[in-house]
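Residue numbers (the numbering used here), protein chains in the order written: chain A, 1 to 292; chain B, 1001 to 1292; chain C, 2001 to 2292; chain D, 3001 to 3292.
These are computed hints drawn from the structure, not numbers from a lab. There are no misleading hints in this set.
In silico DSSO-like cross-links for lysine-lysine, where the CA-CA straight-line distance does not exceed 27 Å:
1) C:2193 - D:3239
2) C:2193 - C:2216
3) D:3239 - B:1239
4) A:21 - A:144
5) D:3193 - C:2239
6) C:2130 - D:3216
7) D:3216 - C:2216
8) B:1130 - A:216
9) A:144 - A:130
10) A:216 - B:1216
11) B:1239 - C:2193
12) D:3239 - A:193
13) A:239 - C:2239
14) D:3021 - D:3130
15) A:193 - B:1239
16) B:1193 - A:239
17) D:3193 - A:239
18) C:2216 - D:3130
19) B:1193 - C:2239
20) B:1216 - A:130
Protein chains: 4
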Amino acid sequence: MEIGWIGLGNMGEPMAQNVLKAGHKLTVYNRTQARAEGLRAIGASVAPAPSDAAACGCVVTMLSDDAAVEDVVFSSGKVLPALPQGGIHVSMSTISVALARRLTEAHRQAGQEFVSAPVFGRPEAAAAAKLFVVAAGDRSTLQKLHPLFRAVGQRTFDMGQDPSTANVIKLSGNFLIASVIESLAEVFALTRKHGVNPAQYLDLLTTSLFNSPVYKIYGGLIADAKYEPAGFAMTLGLKDIRLVLAAAEDAAAPMPIASLVRDRLLSGVAQGMATTDWSAVGTLAARSAGLE
Amino acid sequence: MEIGWIGLGNMGEPMAQNVLKAGHKLTVYNRTQARAEGLRAIGASVAPAPSDAAACGCVVTMLSDDAAVEDVVFSSGKVLPALPQGGIHVSMSTISVALARRLTEAHRQAGQEFVSAPVFGRPEAAAAAKLFVVAAGDRSTLQKLHPLFRAVGQRTFDMGQDPSTANVIKLSGNFLIASVIESLAEVFALTRKHGVNPAQYLDLLTTSLFNSPVYKIYGGLIADAKYEPAGFAMTLGLKDIRLVLAAAEDAAAPMPIASLVRDRLLSGVAQGMATTDWSAVGTLAARSAGLE
Amino acid sequence: MEIGWIGLGNMGEPMAQNVLKAGHKLTVYNRTQARAEGLRAIGASVAPAPSDAAACGCVVTMLSDDAAVEDVVFSSGKVLPALPQGGIHVSMSTISVALARRLTEAHRQAGQEFVSAPVFGRPEAAAAAKLFVVAAGDRSTLQKLHPLFRAVGQRTFDMGQDPSTANVIKLSGNFLIASVIESLAEVFALTRKHGVNPAQYLDLLTTSLFNSPVYKIYGGLIADAKYEPAGFAMTLGLKDIRLVLAAAEDAAAPMPIASLVRDRLLSGVAQGMATTDWSAVGTLAARSAGLE
Amino acid sequence: MEIGWIGLGNMGEPMAQNVLKAGHKLTVYNRTQARAEGLRAIGASVAPAPSDAAACGCVVTMLSDDAAVEDVVFSSGKVLPALPQGGIHVSMSTISVALARRLTEAHRQAGQEFVSAPVFGRPEAAAAAKLFVVAAGDRSTLQKLHPLFRAVGQRTFDMGQDPSTANVIKLSGNFLIASVIESLAEVFALTRKHGVNPAQYLDLLTTSLFNSPVYKIYGGLIADAKYEPAGFAMTLGLKDIRLVLAAAEDAAAPMPIASLVRDRLLSGVAQGMATTDWSAVGTLAARSAGLE
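If we strip away everything but chain A, and leave its shape as in the complex, we get (with noise of 0.2 Å):
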């Protein structure tokens, strides 16, 4: 497939190093123009700007926010206009379901198609392509888009025809992590002040309940208190349970630990760990327990 992608950032670089490898021509934007330089000398054309990548046909957005999405799309980087009728626009950022759905309907009228497909996975994952692909979108177009997916991730989820759909499953899943590292953070503090050994206890519990790759990553941050540099920044993770509460506002469906790990991550930054790992959650809770 010929492929523009935007967007080069922990996530984005590796996984269009994957599209590349597994054969697709890539054209590839990043504002900072230097991080395109790396996939130009494995083969990548590199383009002026968005709508050049956009031109291609099939264009990739993988940026960090909304805001970043809506500048790229309908203002400064013009992906809208210079998408060809019937271009496709994969957006596989974390991005509010509002969004998705004002994305759905610019490309709906404009003749083009939009797709979710937001990614689960840390940057190691995704230089393993070994992301999970949560899709959605229409049937035909998701076929389509099959060789792009498989050369990124380990497994492909078709959720259905609403691209919405797909970014209340990603954000949904980002809110699980998050509950696991609010109640690991609990559950170290209290075990500490009980005078057991993190290292011990972490070895418990990934190897019986736990025994699964979410707890002993996170497990492992808290239980050695290593929190820098970040895997995923704390003001991305408030980012992410702010639009998790947002879809949740949108159905009206409470989420009380949303709310509560909302209050943990706000309370971090106001504590001056805006770019520290959201598991430094571990100190915070550490901190209310009169730890540290």
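Got chain A sorted already, so can you dock chains B, C and D onto it with the hints?
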């Protein structure tokens, strides 16, 4: 080993069977004697009173709550006076940290050993001898008990010399499970209100990021809204959260998710779900979102 | 003074009447024109469009939410272009801090003044000219507006030169009222379940420690479970809590009770109480305790 | 009346003084006898043991917690056996609902009367005989006690024949005060971060919607961050919230604000504020917002 066994409930009965199958000599006691007959049929002696089981020199208690253990050890059951000097009391029930400390002290004063060895796993795991045993107590005593632990579990974690530590850890594990249930209840309500099919959502979650038994079991119960018969009743869940909050208060460690889950379970009990599986938190979250 | 007045809802209508009674020259606009006729009958001019009210040089907006104010000022209402240079826009609605900042900037760029002057009080207080006015903006402009504020309120608080400050304070006040409602809902459920008569309990509270209007009004509504007709609808309460949480997130200040109240109101909306008085939180707390 | 009085703490001492001034014959006991000397100087007899105070036939207990009351009544204090048949025990302390029930039953079996009559008010109100007395117990016994209640309080509420009801109500009142403190702590943090002057904000709140002593007292403490010396220590607040949560669990009535306040106070204790005034919740909210 020669072992006295007190308590043949949903967990105690299959555990005692496995101890017997492993070749140990077993004397069992159960308040409702009918349940003891099944054990007699496969080779156990049946004790007329708890004190008779204690006379074996190594007695296991596997009872429903603090009150039952206190009654058996200190009051009508007379285990404390009946256990010989140098004898061992192995408490495998989920009891409070405070009671574990009281038992440690009482047995010490009587020249006996007290070991806490609560287990992780539901009745199916007990039947399959696949429990995880969290043990704490005098080192050499724990050594002697390994044949017993091997008979009921797939792995034993030695968590140090203070018996109450094992109870904190067991309670923390039940809290983590409760957190998983609550967080799943919230996302199933959210995604249902956004039109996502629960079975499809469950498949996505449990084959991607949350590919572990806890998520599969409880996610399955919530997706199917199948809360009867109870694997673990809501009142028992509420009891365990109360105990974890007591341990947290004792150590001055705030646990906001535990507080939230306590209120949720209390609401379930108030609404007539005392004997329903504790994962019926799924129904409560759905109700609060206007579903059902 | 010559004043344009936009918005004649439950609050706006009695306030405008009091402005007229105080001897000011009033030109009113309301989307549903029928409501403006009552004002015409007692001496007001009726403007065919918001821009006509703005042409007076001093225009008050008293509308239901951000969207209504944005529409009237920036979009179809054309208040911004119609207000003369040096003119004043007095926003008395409960709007977001973000919108107050946007209005401050837009009017500044147009060579106009913007003042935030939201009010505390229910419709009865508006009718009695007993509101409390929380005003912020340019000092000399506030001076000029005092006759207006005196006409609608019993006291005006001058809170400094940044208009958005007044909005933060107004929102914080509504949050405090919401906290009172939630806390009363909880204690009425508790005491009812312990057999205490609600009317007797209300009398005790409001003649001892909580002898103040907020407790009397909301305590009375909850004790009588009298939530219709709504003095302040649950959706409006939810909107205000959403705005206070946005102001809190903007300043990185966690507000756990606000989060909890948001979930409670959302649950009310999900259960069909959107247009019920927000004190129907009393019913929700009772339900969660198994009452009703 | 002839009255025995046990407990001369911050509250008990001024209350006993007022009873004496009202012309009653008083025999006082206090564990630290020095505090009793002040009472002797103004006419009280000093009892060498609690049982001597109980021998008067009508004995008041005004002690710090359940343990102190249990010790005085059932254990070392021997009030239960010393109180004559037909004698009255008036418990004015803030004790648990469970202990009130136990005392009711124990005194009934001993042919004595038990009355619960906890009070609302801080030490200043006790000194001014301006407490509110919440009384419950046998009707004719309450009648006999009115001279006592009039001597210490400005009003007595007769809440029925079940003594424990008075304790539920007293605890619910302390919960309402704790809710006020927490909500004020949150808004002071919010408004401070938005640049509002705390003293000015306090004035606004307490001269408009929240013109009542509870808001003035606690708002003042938080605005000034003046938490020493403690009027009511954080550990005592935590104890009361624990008791209200126990009463709530007993009745299956979830109280989410109580849960949240419990975690907050626990965090305060963990951070070294055990003996600080419980309104130091203001510091905790400020810290979590990155202030201080």
